[in-house]
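> Sequence:
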Amino acid sequence: MSATNENINLLDDHRFIQPTASDSRSPCPALNTLANHGFLPRDGKNISALQLIRAQRTIYNISLPLASILAVGGILFCGHFPGKLDLQELAKHGRIEHDASLVHSDASSGDTITVDHSLLEELLRDSTDGRGLSLQDFAKARVRRQQHLPGRKLDGIHEKFACGESVLAHAVFCGGDAVHGEAPLDQLRVWLGRERLPEGWVGPQESFGILGASKGIQAIQAMIVDLQNKRD
Numbered sequence: 001m002s003a004t005n006e007n008i009n010l011l012d013d014h015r016f017i018q019p020t021a022s023d024s025r026s027p028c029p030a031l032n033t034l035a036n037h038g039f040l041p042r043d044g045k046n047i048s049a050l051q052l053i054r055a056q057r058t059i060y061n062i063s064l065p066l067a068s069i070l071a072v073g074g075i076l077f078c079g080h081f082p083g084k085l086d087l088q089e090l091a092k093h094g095r096i097e098h099d100a101s102l103v104h105s106d107a108s109s110g111d112t113i114t115v116d117h118s119l120l121e122e123l124l125r126d127s128t129d130g131r132g133l134s135l136q137d138f139a140k141a142r143v144r145r146q147q148h149l150p151g152r153k154l155d156g157i158h159e160k161f162a163c164g165e166s167v168l169a170h171a172v173f174c175g176g177d178a179v180h181g182e183a184p185l186d187q188l189r190v191w192l193g194r195e196r197l198p199e200g201w202v203g204p205q206e207s208f209g210i211l212g213a214s215k216g217i218q219a220i221q222a223m224i225v226d227l228q229n230k231r232d
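Under UniProt numbering, the first residue of the sequence shown is numbered 1, with each subsequent residue one higher.
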C-alpha cells in the first residue's frame, strides 16, 4: 500500500491529535507523526513490527524490505519483550539515537525527544534558495551540527543513521527521490516542528527502498566530506 490520494482521504479519520503527557514519543518525527495521526497507536506503546511496517508503507511509501529492516531493527535495538516497541524506547542513547541531531538536543541535555525549535529554524536557514532543502543543504546542516563533536563526526554506524535520517526526510518530500529536488520549507516546518502531516499532504508516488536509501546515503556522505574539507 502506498501514500496515494485515496489514502490521504483517510486523514478525515486520522486527524492530528496532540499527544498527552502519558503518551510515548520518540526522537523520530516520522514515527511521532504517524502516532499523532493514528496510523500507529496514539499512545505510542506496545507497537508491533507489523504495525510499524504498515504505517511506513501507507504514509511514506517505503518499500516492504526497507520498512521491514527499519521496524525490526528498531525493535531489536530498542524494544521490549515480546517483540514490541514503545516509541520513547528509541531515545536510548547510543543505540539508534545519537548526538548532533538536526532538530533535537544532545543526550547531555536530558531531553532528546522534544523538538528544539531553535535548531529547527537553524536547519531551515540552511536552505540555499529560501524555499526548500536540497540534499546538499541537509549535508551543510549535518556539518554544522557536528562541529562540536570529537573529530567533528559521529562514529561510523551513527553517521550512517544520521545521514539516513536526512535522506529519508528529503525523499519523503521529493516524491521518493533520495538525491534530487528540494523538500519545501513550509512542509518541513510542520512535519519536523509540529510532528503532523502538512495540510494537503500527498505522499511520495515512487516507492523509497533500500537502493534509493543507499544511493542517498553515499551521496550525502560525499557532500559532507567535501564541505568539511572546504572548512579546513
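Note that these hints are calculated values from the structure, not bench results.
A hint or two may mislead.
What the hints assert, rightly or not - Derived pair list, reagent style SDA-like, types lysine to any residue, alpha-carbon separation capped at 25 Å:
(1) Lys215 <-> Val225
(2) Lys215 <-> Pro82
(3) Lys160 <-> Gly73
(4) Lys153 <-> Val190
(5) Lys140 <-> Val72
(6) Lys230 <-> Ala219
(7) Lys215 <-> Ile17
(8) Lys140 <-> Thr58
(9) Lys230 <-> Gln147
(10) Lys84 <-> Ser127
(11) Lys160 <-> Ile210
(12) Lys215 <-> Gly73
(13) Lys140 <-> Asp106
(14) Lys215 <-> Asp99
(15) Lys45 <-> Ser118
(16) Lys140 <-> Ser127
(17) Lys45 <-> Asp23
In this text the structure is predicted, and so the values were computed from the model without any measurement.
> Each hint needs a verdict: does it hold in this structure or not?
Hint check results:
no., hint, result
1, Lys215 <-> Val225, "16 Å, holds"
2, Lys215 <-> Pro82, "34 Å, violated"
3, Lys160 <-> Gly73, "14 Å, holds"
4, Lys153 <-> Val190, "28 Å, violated"
5, Lys140 <-> Val72, "31 Å, violated"
6, Lys230 <-> Ala219, "17 Å, holds"
7, Lys215 <-> Ile17, "35 Å, violated"
8, Lys140 <-> Thr58, "30 Å, violated"
9, Lys230 <-> Gln147, "14 Å, holds"
10, Lys84 <-> Ser127, "38 Å, violated"
11, Lys160 <-> Ile210, "13 Å, holds"
12, Lys215 <-> Gly73, "20 Å, holds"
13, Lys140 <-> Asp106, "19 Å, holds"
14, Lys215 <-> Asp99, "24 Å, holds"
15, Lys45 <-> Ser118, "29 Å, violated"
16, Lys140 <-> Ser127, "9 Å, holds"
17, Lys45 <-> Asp23, "8 Å, holds"
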